[in-house]
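Trainee: One-letter residues, chain by chain:
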Amino acid sequence: MRKILIVEDEKPLARVMSLKLNSVGYQTTAVFNGEEAIAILAKQSFDLVILDLLMPKGDGFSVLAHLNKSGIKTPVIVASNLAQQEDIEKAKKLGAVDYFVKSDITLVEMVNKVKQYLQ
Amino acid sequence: MADKIKPKDFENLYGSLFDNTIDGLAYCQMIFAAQEQPVDFIYVRVNKNFEELTGLKNAEGKKVTELIPGINISNPELFEIYGRVALGGKPERFETYVKPLDRWFLVSVYSPQKNFFTAVFQNITSQKQTEKELANAVIAAKNVMNDLQAEKTKLAEANTKEEALVKELEKFKLAVDNTTDNVIITDPEGIVIYANRSVEKITGYRPEEAIGKKSGALWKNPMPVEYYQKMWDTIKKQKKTFTSEIQNKRKSGEVYTALISIYPILDKNGEIEFFVSVERDITKEKEVEKAKTEFVSLASHQLRTPLSTINWYLEMLMSDDKAKLNDDQTEYAKEAYLASKRMVGLVNALLNVSRIEMGTFIIEPKLINIAEIIKAVISEFEHKSKEKKLEVKVAYELSVPKVMADPKLLDIVCQNLLENAINYTPSGGKIKVSLKSKGNDILIIVEDTGIGIPKIQQPMIFTKLFRADNAREQKTFGNGLGLYMTKSIVEHSGGKIWFSSKGGSASGGESGTTFYVTIPASGMKAKTGTKSLT
Numbered sequence: 001m002r003k004i005l006i007v008e009d010e011k012p013l014a015r016v017m018s019l020k021l022n023s024v025g026y027q028t029t030a031v032f033n034g035e036e037a038i039a040i041l042a043k044q045s046f047d048l049v050i051l052d053l054l055m056p057k058g059d060g061f062s063v064l065a066h067l068n069k070s071g072i073k074t075p076v077i078v079a080s081n082l083a084q085q086e087d088i089e090k091a092k093k094l095g096a097v098d099y100f101v102k103s104d105i106t107l108v109e110m111v112n113k114v115k116q117y118l119q
Numbered sequence: 001m002a003d004k005i006k007p008k009d010f011e012n013l014y015g016s017l018f019d020n021t022i023d024g025l026a027y028c029q030m031i032f033a034a035q036e037q038p039v040d041f042i043y044v045r046v047n048k049n050f051e052e053l054t055g056l057k058n059a060e061g062k063k064v065t066e067l068i069p070g071i072n073i074s075n076p077e078l079f080e081i082y083g084r085v086a087l088g089g090k091p092e093r094f095e096t097y098v099k100p101l102d103r104w105f106l107v108s109v110y111s112p113q114k115n116f117f118t119a120v121f122q123n124i125t126s127q128k129q130t131e132k133e134l135a136n137a138v139i140a141a142k143n144v145m146n147d148l149q150a151e152k153t154k155l156a157e158a159n160t161k162e163e164a165l166v167k168e169l170e171k172f173k174l175a176v177d178n179t180t181d182n183v184i185i186t187d188p189e190g191i192v193i194y195a196n197r198s199v200e201k202i203t204g205y206r207p208e209e210a211i212g213k214k215s216g217a218l219w220k221n222p223m224p225v226e227y228y229q230k231m232w233d234t235i236k237k238q239k240k241t242f243t244s245e246i247q248n249k250r251k252s253g254e255v256y257t258a259l260i261s262i263y264p265i266l267d268k269n270g271e272i273e274f275f276v277s278v279e280r281d282i283t284k285e286k287e288v289e290k291a292k293t294e295f296v297s298l299a300s301h302q303l304r305t306p307l308s309t310i311n312w313y314l315e316m317l318m319s320d321d322k323a324k325l326n327d328d329q330t331e332y333a334k335e336a337y338l339a340s341k342r343m344v345g346l347v348n349a350l351l352n353v354s355r356i357e358m359g360t361f362i363i364e365p366k367l368i369n370i371a372e373i374i375k376a377v378i379s380e381f382e383h384k385s386k387e388k389k390l391e392v393k394v395a396y397e398l399s400v401p402k403v404m405a406d407p408k409l410l411d412i413v414c415q416n417l418l419e420n421a422i423n424y425t426p427s428g429g430k431i432k433v434s435l436k437s438k439g440n441d442i443l444i445i446v447e448d449t450g451i452g453i454p455k456i457q458q459p460m461i462f463t464k465l466f467r468a469d470n471a472r473e474q475k476t477f478g479n480g481l482g483l484y485m486t487k488s489i490v491e492h493s494g495g496k497i498w499f500s501s502k503g504g505s506a507s508g509g510e511s512g513t514t515f516y517v518t519i520p521a522s523g524m525k526a527k528t529g530t531k532s533l534t
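These protein sequence lines are chains A and B, in that order. Each step along the first sequence adds one to the number in the numbering used here, with nothing skipped, and position 105 is 105. Each step along the second sequence adds one to the number in the numbering used here, with nothing skipped, and position 516 is 516.
Hints listed in this document are in silico derivations from the structure and should not be mistaken for laboratory results. Some hints could be false.
What the hints assert, rightly or not - Quick list of the computed label-pair ranges, beta carbon to beta carbon: (1) Glu289/B x Met1/A: 24 to 34 Å; (2) Ser399/B x Lys3/A: 49 to 59 Å; (3) Lys3/A x Ser500/B: 57 to 67 Å; (4) Ala299/B x Gln119/A: 33 to 43 Å; (5) Ser437/B x Ile72/A: 31 to 41 Å; (6) Gln302/B x Gln119/A: 29 to 39 Å; (7) Ser23/A x Lys386/B: 50 to 60 Å; (8) Lys3/A x Gly439/B: 51 to 61 Å; (9) Lys386/B x Met1/A: 35 to 45 Å; (10) Ser70/A x Gln302/B: 30 to 40 Å; (11) Asp47/A x Gln302/B: 27 to 37 Å; (12) Ser70/A x Lys230/B: 42 to 52 Å; (13) Asn440/B x Ser23/A: 35 to 45 Å.
Glycine included, C-beta positions come from ideal geometry on N, C-alpha and C.
Next up, chain A with everything else stripped away, as it sits in the complex:
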């Protein structure tokens, strides 16, 4: 079973993403800030990371920077409500494979994106 790490400080959002992804057969783990993400990524390996950007205790950018530094190659999809071009570009420069604005897509669309990177 493919393992997905969800990094999202908004707990209801983390929960609904987990529910949806579980319902289509993925195993999910949710953490609520950047520090926790870095900690868990050091211990476990995942097939995909869904990463929020604005979070307390280590934002998404710092997580991306850490992954780069430590050579972890897990693909990361950024799921943020920041919709500015420069945020998108910054995340992609730091190695994010995709970027979506949560309010602009449906859960079904999110699942389709995830599937793309887990084939």
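Once you have looked at the hints, place chain B on chain A.
Mentor: Quick look at chain B alone, frame taken from chain A:
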């Protein structure tokens, strides 16, 4: 002694006096015509100096009219006077100008015996000349005085003018000295020759510190080389005004942002005499702008987060088999979901509007096929147009070339126009999207058979937040931002937008609206900024 002098001696004495006096002497016999009319005279005897004073040689025994032809015409008064005296009149003394001789004489005349006279004369020509010169000199002097007076008056006037000018200049100087903008005047080489007080306020350097130095040397916070090249090219080669944002450094080391405008002052020959630079410290404005942008961006982020939660849980509710909603419940959830989606649209639109209004949005032209953008937008709305049984037709001219345009912006423009057409065309209506080449433009036409725009409200249709009455009645949603945004985007990228509508009625009578958008075939104007529209 007297008795010792003999009459003969007297004769000699007088003779010698006669001959040697410095005056000219002439003893003459008057010749009269009838009725004692003096007509001529004969020089009986003249002395040595006579010849010298008159220039007449061998005069004795000759008539004056022989010696000086024309004298009876030039000096008739001589004959009158001499005649009068010769006939026993009193001695007379007069000045006369003898034109044939071109000489002035002072003449004393007396008659020693009837019909004879003795004329004693002095050549006063040079004296007369001097007098004349003096008179001329006086006239000249008077003229000079007059001229001087006139000059003086002029000068006085000029002085008054100059004073006024100086006063005027003082006013300007005072204004320039005290304006809140930084004003610097340099010579053509860029050496500061004037700096106002704001220079100190803004840069921290006193005007005295700046004068004599290369402009900007003190407060330069190096910009890219191309920046300076462009600046010098504009002001020195093209002799035009250079306006730009620049970053400089205060004496304290703090970097500040300024809006700078430099322009050359040319002399009569079109050569650069000075450069004037006006600089406004916009650091605070920039900070405010940045704060505003950040606020809008953060606010939209904060608004999106609960909306995402609502959307996704409603989606779960409607799709998840486990929820098992009945029909009514499904419908209620659907309404809530649609409203939430509209809210997301509104947040995005507000963010775009704020970017447009702050001028921070980017225009990034790429070589694109507009027809493809239109196709994508139509397919995006396919579900909706099918639901309303609308016939959507397209007509692309094959000759329309690819064009440099920002695909995102074009997408927003097409989305807004097509969405309006779909929203405001009743079921069964028709929509046609055309793409044409027209002159130097590419023309996009979106035509519908919808409710139209009431004539009276047509001038306001592009106004922010404005919605036509019939549109309000038809669709309670809609944020009044679409056309405002569309027009801003089109105009910022060098195009035009207009429409024609037969004018709808509130009841929704079908009258149709056609929107026209042009994009220059040469491409959209690129625009740097900080934010792209979404």
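Trainee: Next, verify each hint and record whether it holds.
Mentor: Results for each hint:
no.	hint	in the structure
1	Glu289/B x Met1/A: 24 to 34 Å	violated, 50 Å
2	Ser399/B x Lys3/A: 49 to 59 Å	holds, 54 Å
3	Lys3/A x Ser500/B: 57 to 67 Å	holds, 59 Å
4	Ala299/B x Gln119/A: 33 to 43 Å	holds, 38 Å
5	Ser437/B x Ile72/A: 31 to 41 Å	violated, 53 Å
6	Gln302/B x Gln119/A: 29 to 39 Å	holds, 35 Å
7	Ser23/A x Lys386/B: 50 to 60 Å	violated, 29 Å
8	Lys3/A x Gly439/B: 51 to 61 Å	holds, 60 Å
9	Lys386/B x Met1/A: 35 to 45 Å	holds, 39 Å
10	Ser70/A x Gln302/B: 30 to 40 Å	holds, 32 Å
11	Asp47/A x Gln302/B: 27 to 37 Å	holds, 31 Å
12	Ser70/A x Lys230/B: 42 to 52 Å	holds, 44 Å
13	Asn440/B x Ser23/A: 35 to 45 Å	violated, 56 Å
The structure is inconsistent with the numbered hints 1, 5, 7 and 13, although it conforms to all the rest.
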